[in-house]
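Student: One-letter residues, chain by chain:
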Amino acid sequence: MTDRPHAEELLEAVWEFLSGEILPTLDDQRLKFRTLVAMNALGIARRELEAEEGGLGEEELRALAARIRAGDVPDDAHAMLKEHVAAKLRVSNPQYLEPYG
Amino acid sequence: MHADGDDLLVRRAAGGVIHEQTLSLEEEFEVLQAAADAGVRVPRPVAYLGELGGREAFAMELVRGETIGRRIARNPPPGLETQLADELAKIHAIPAERLPFLRGGDVLARFEGELDSVGDPHPAIEYGLWWLRGHRPEPLPDVVSHGDFRIGNVVVSERGLEYLLDWEFAHLSDPREDLAWPIVRAWRFGADERRLGGVGDLEPYLARYAELTGRDVPADDLFWWEVLGNVKWAVGCLTQCRRHLTGVDRSVEYAVLGRMAAEMEYELLDLLDD
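The listed protein sequences correspond, in order, to chains W and A. For the first sequence, my numbering assigns the number -8 to the initial residue and increments by one for each residue that follows. For the second sequence, my numbering assigns the number 355 to the initial residue and increments by one for each residue that follows.
Since the hints were derived computationally from the structure, they do not count as laboratory data. Yeah, the Cβ is synthetic: ideal placement off N, Cα and C, and Gly gets one too. There may be inaccurate statements among the hints.
Stated by the list, open to error - Have a look at the derived ranges for each label pair, beta carbon to beta carbon: (1) E492/A to D19/W: 47 to 53 Å; (2) A573/A to A57/W: 54 to 60 Å; (3) H(-3)/W to L494/A: 53 to 59 Å.
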């Protein structure tokens, strides 16, 4: 066990630094954009640390990808993949899923 | 840089490429010249400069206006749909003989190859490719294609479309590849109620394109190409991310694109929902 702040708290601290102290000082549009991208990256990392383990592992994904490439698509592939990708999006960009209901 | 009173922009090659068939800067400059000669609204090409500090470069007119997709989709100028069709019709009429280096070939094989180069498994993209293989439309003859024709690569003012940018993915393809690319959800920039790039309706765009080219493409015929577009941008995100991961071109922007591919995976699965 490490001392606090934990990984999540460190990410949060860096996010707050970028949003509170760096972003307001930037005039350059490119730098502003890249800072927002960096903050987004920290958010992804934080959600990943908080996400529950589970879902398809790398070997299962590799096997499924190979089967589909070979034209041997399991009957439940579409539903299984939708859940797999939704789980990825809940980490990378939860808002993206909203319009799909 | 100033010459003849115009401001110039020097475009230099970056490290690494998104798609394997990306043009060299010298080729891109030739495409820009051919487009300008065909009356396409492009920044005036000035000169190919050869290698500058180890990277190819060319000079073109520096243009001003709005290119940020989200801002354009929030307040699209009227008439943008038909202006997009006007430009696309002119591009698709450029004689292919003028640009003999442009490559064509099977579009699905291209993305399969690029997906393989990524290494990590992406069964949702494989699912999209599998569906596309099973539902190939009757091909239309290849035309000179822009390859990245969408909001984000156009310069817009209150008058409407001013310039078309970013020609490095020009290639030969079925005209519907370009035609459908701006309707992919990622390029609607959140304005999903306007199916064409978040800026307008599909019908006036397709009607104008048909009027100018004689190619009458029903909106339904773009579905296959919309699915393909999602595969294409998902793969594009993954390969751009590899530019970062492999150290070719380190950048937090490229890094995060690796996590954005899932958005196109979800969209293509949603499109293919029964």
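Student: Please write out, lowest number first, the hints stated earlier that are contradicted by the structure.
Tutor: 2
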